[in-house]
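Below, each chain spelled out in residue letters.
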Amino acid sequence: MWPIGELYTAGLLIYAIAALAGLSAYFRKTSSAWIASLLCCASLVAAALEFIASVAALVAGMEFNWTLPSGIPFVHYGVRLDPLSAYFNLALSLLAACVAVFSIGYLKHGPAHKRPGLFCCFLNLMLLALTLVFTASNVIFFLICWELVVVTSYFLVVTDHESQESREGGMLYILMSRAGTGMMYVGFLLLATAAGSMEFQALHGSGEKLAPGVGAAAFLLLFFGFGVKAGIIPLHIWLPAAHPAAPSNVSALMSGVVIKTGIYGMARVFFDFYGVTPVWAGMLVLVAGVLSALLGVLYALMEHDLKRLLAFHSIENIGIILMGFGSALLFRSFGHPQLAALALVAGLFHTLNHGVFKCLLFLGAGSVLQGAKTRNMEEMGGLIRRMPWTAVFFLIGAIAISGLPPLNGFVSEWFTYQGLLAGFGATPTLTRMAFPIAGALLALTAALAATCFVKAFGIAFLALPRSENAEHASESPISMRAGMAMLAAACVALGLGATWFVPVFAPITRHAFGVQITEQLVAGNGLLLSAGSVHNGSVSPFMLALALVGLSAVPLALWFAHGRKSPRSIGPTWDCGLPGLTAANEYTATAFSKPLRMIFGALFRPRREIQAEFDVSPYYPTAIRFESEIQPAFETHVYEPLREGILAIAARARKIQTGSIHAYLAYIFVTLILLLIFGVRG
Amino acid sequence: MIEQALSIAIHIVLVLLLSPLVTGFNRVFKARVQARRGPGLFQPYRDLYKLLRKGMVIPNTASWIFTATPFVLFVTTLLASLLIPIVTAQAPMSLFGGVLAVVYLLALGRFFLALGGLDTGSSFGGLGSSREMTISAIAEPALMLAVFAVAIGAGSTNLSTVAQSALGQSWRFLAPSQMLAFAALFIVLIAETGRIPVDNPATHLELTMIHEAMILEYSGPYLALIEWAAFIKQLVLMTLLVNVFFPFGLSPSWSPGAVLFSLVLFIVKLFLLSVVVALVEVTNAKMRLFRVPELLAIGFVLSALALVSTFLFQG
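So the protein sequences, as listed, match chains B and R.
Take the first sequence: its position 63, counting from 1, is numbered 63 in our numbering, and each next residue is one higher.
Take the second sequence: its position 120, counting from 1, is numbered 802 in our numbering, and each next residue is one higher.
Worth double-checking, as some hints may not be accurate.
[Said to hold, decoys possible] Reference excerpt, derived from the structure (chain R facing chain B, CB under 8 Å, subset only):
no.: 1; residue: L800
no.: 2; residue: S805
no.: 3; residue: I820
no.: 4; residue: W936
[As the list claims (entries may be wrong)] Label-pair distances were calculated between CB atoms; the ranges are:
no.: 5; chain 1: R; residue 1: G720; chain 2: B; residue 2: A489; range: 46 to 56 Å
no.: 6; chain 1: B; residue 1: Y620; chain 2: R; residue 2: R973; range: 24 to 34 Å
no.: 7; chain 1: R; residue 1: L688; chain 2: B; residue 2: L603; range: 46 to 56 Å
no.: 8; chain 1: B; residue 1: R564; chain 2: R; residue 2: G720; range: 47 to 57 Å
no.: 9; chain 1: R; residue 1: F995; chain 2: B; residue 2: E63; range: 42 to 52 Å
no.: 10; chain 1: R; residue 1: G720; chain 2: B; residue 2: G425; range: 40 to 50 Å
no.: 11; chain 1: R; residue 1: F724; chain 2: B; residue 2: L527; range: 50 to 60 Å
Please keep in mind that the hints were generated in silico from the structure rather than gathered at the bench.
All C-beta atoms in this analysis are idealised placements derived from N, C-alpha and C, irrespective of residue type, glycine included.
Sequences and hints are given; from them, build the entire structure.
Here you go:
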């Protein structure tokens with residue numbers, strides 16, 4: 001018997017103590033590096049405790065809860081570690097542990113090294129708040145913790161507040177979050193009114209008690225409210241602004257975990273609070289998923305800022321997760337709980353997988369940023385020689401995020417495909433066409449993601465260095481490499497060991513749909529993953545990996561029979577007869593994505609400007625200036641008019657802001673009277 | 683267990699030996715149609731043998747990615763071929779991954795090949811990588827939708843199950859959904875194997891080449907591995923077409939007589955398909971790069987129609 005509750009609570013306390021210690025270090029103006037290292041180790045210990053507690057809760061199928069009174073009616077500070085909470089807490093603590101290890105080395109140099117105490121305070125506070133968000137069992141307590149995450153992560157994003165980019169990104173983040181939280185409040189209150197309680201356990205199935213119109217309104221409010229946090233298109237604009245501006249270890253946690261709070265909220269609402277939803281609800285989630293995935297990856301392709309590129313990929317992967325959730329909702333609407341469980345497992349598994357490889361990639365980007373002093377891929381190049389370890393880890397992350405076998409991204413995308421495939425036969429009418437079309441667009445998304453990561457890895461790490469800084473880049477310290485190595489190992493383990501990991505989802509699907517999935521998804525003595533049954537399709541990442549190793553005997557045999565003896569020499573790359581190959585001859589990131597920029601020109605509306613100066617003939621220019629940009633569609637067509645509208649309304653509203661204290665007192669008085677009338681009548 | 687290992691070994695030998703033959707036949711037939719004499723049926727074997735024994739030049743800008751690429755490409759393509767039924771209805775490793783695994787294993791090989799192109803630092807490599815990744819990305823939805831049409835018809839993504847279910851209904855390829863899906867996959871085959879009108883495997887002209895640009899810096903044994911992998915990939919995709927849509931003759935067991943018969947029939951089917959490919963190649967001119975998406979869009983529409991007709995005619 002595991003002391004789950006004790007481990008969990010001890011983890012929370014260590015986070016809290018570390019946060020307080022960081023704060024006191026800040027006020028005592030201690031800025032020595034060992035404080036930061038110590039506090040990161042504290043986060044590591046706390047994360048490890050949380051990890052053990054979550055794993056034990058999932059494996060033993062145990063639940064655990066405690067409640068503290070708040071002195072306010074309806075509100076309790078209650079936590080509950082049920083299977084869904086435990087699963088998200090597992091993802092959080094795994095990533096937090098790796099980021100903590102990475103941070104030990106990173107904080108010595110990164111933008112946070114000026115105020116390490118304050119940074120560690122906010123970091124631990126955010127981890128504490130995230131743990132509570134995933135485990136809170138009371139609506140109001142949940143929302144309090146939610147706000148705490150927003151505030152602490154805002155301060156972490158603006159760590160480098162001297163830069164305008166950070167400040168603007170942080171501001172956009174907090175503004176969008178406010179809008180999302182507003183919607184969530186209303187949605188939760190509607191649900192809580194129907195249930196007559198603020199406790200999550202009482203809210204189970206309460207969506208069905210609402211009148212259809214109100215239920216739909218609550219669903220929409222909660223979906224879009226959580227959607228802001230998750231970064232679904234078109235509510236995503238804060239994400240590519242805020243994630244790159246943050247220090248890289250914070251970006252990793254933002255993309256790996258913080259946006260997953262939105263996914264957690266959706267999972268909680270869709271599969272716990274709501275019973276059977278109408279068909280349009282599932283369709284909405286599926287379409288939002290497809291749109292986010294495709295547009296996310298298309299915008300990512302156009303980026304040559306490494307961290308912005310990764311931020312857009314977060315939007316893409318959130319889309320893939322929502323494809324799983326959307327199909328699960330549809331299957332439940334049409335009365336196929338088994339298939340709903342399969343699709344839900346796809347979405348949840350991808351949530352963890354995305355967390356792991358995106359965290360790895362952001363940490364890799366942080367390592368590159370520190371080594372090569374730039375985020376612009378056009379100024380990198382050749383880093384594989386100067387930062388060999390970072391290169392290997394980044395490559396593993398790139399393969400995983402592209403959904404290529406045998407790593408973890410492949411497994412969850414495989415489940416997503418199988419869910420979509422089953423949808424065609426399981427749904428009536430033309431609804432069924434939505435599934436294969438979504439599958440085809442998922443295939444496009446995955447292939448574009450692979451293209452994007454060939455670009456990212458190829459341009460940043462391969463060939464010749466493109467700048468002075470890249471030429472003198474150096475490898476990161478051991479702790480940063482260790483953090484990345486842990487995540488890379490997790491990518492491999494979750495891929496090869498998927499058959500052993502999938503049973504973890506059994507308690508979640510049992511709770512949501514009353515379905516036991518382990519026997520359906522794992523077959524062949526635990527070697528095969530199957531889609532409902534082996535007949536429908538099966539895959540074994542472990543055996544594929546084993547076969548890849550085994551089959552390498554064939555080319556190696558050919559090599560030893562012939563190639564080894566053949567003379568080999570090292571020579572210069574063909575430079576078209578020019579005097580030596582330089583970085584100027586290399587393909588750039590912009591050039592690499594040009595065909596796709598042209599093909600999807602209707603979306604990007606690319607604009608380019610070329611100015612050439614010449615002396616004698618235009619064919620012999622002395623200087624060329626080239627400018628190329630794409631139009632950010634949502635910013636220009638949605639948010640710009642919205643911003644202007646809000647400003648116009650604000651200008652009108654200014655008229656009642658007279659600046660006279662008497663007028664304000666009168667407003668307060670009138671409001672009081674109105675409230676009293678309202679109260680008496682109600 | 684031993685039977686299993688033996689069948690895998692036979693499968694590997696078959697794939698390795700057969701794949702250059704298909705390319706050889708394609709070249710000979712194309713030459714004859716163009717009233718040339720052509721290089722001879724067994725020229726690809728001679729090329730591979732020659733390349734394996736030649737010396738090679740490694741670019742001084744290249745890293746370990748350049749060295750690893752030929753091996754990764756070769757192994758992933760070979761593994762993909764083991765998931766597909768070739769002469770027996772039961773492919774030796776089909777339980778370990780269905781058609782999705784085939785598509786993604788090929789994608790893994792392509793991922794490394796494109797990195798290998800970028801690793802040399804030459805603009806040709808980058809150009810080839812960029813175009814290869816672009817074309818394969820926009821071919822992907824058509825491919826996957828056609829795969830979906832087939833998998834939904836058979837109720838499985840496992841290729842052996844698909845072939846067995848098709849074996850039961852020999853005339854199923856006449857159903858409109860099957861014919862449309864076949865047409866869509868044929869377009870994808872042209873694009874993925876770098877045939878005219880999408881790419882020209884016989885040219886080294888910078889404006890037109892895609893695949894060849896990517897592997898420009900490879901030589902000797904490494905080039906042999908890459909070429910051989912390209913042959914195998916072509917065999918994999920062609921087998922997918924002939925054995926999924928026209929599975930008759932696939933042997934239900936490993937009895938020598940049935941296997942031999944099925945092998946002969948398989949080679950005939952392959953040659954017939956490669957005649958069609960060659961005819962497409964000689965009667966078309968290469969397209970401009972930015973017309974290729976239109977061709978692939980046709981493939982996408984065809985496979986969408988295949989699904990609609992599944993919906994209409996099979997309920």
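(Q) Need the list of violated hint numbers for this structure, in ascending order. (A) Violated hints (numbers, rising): 4, 8 and 11; every other hint is consistent with the structure.
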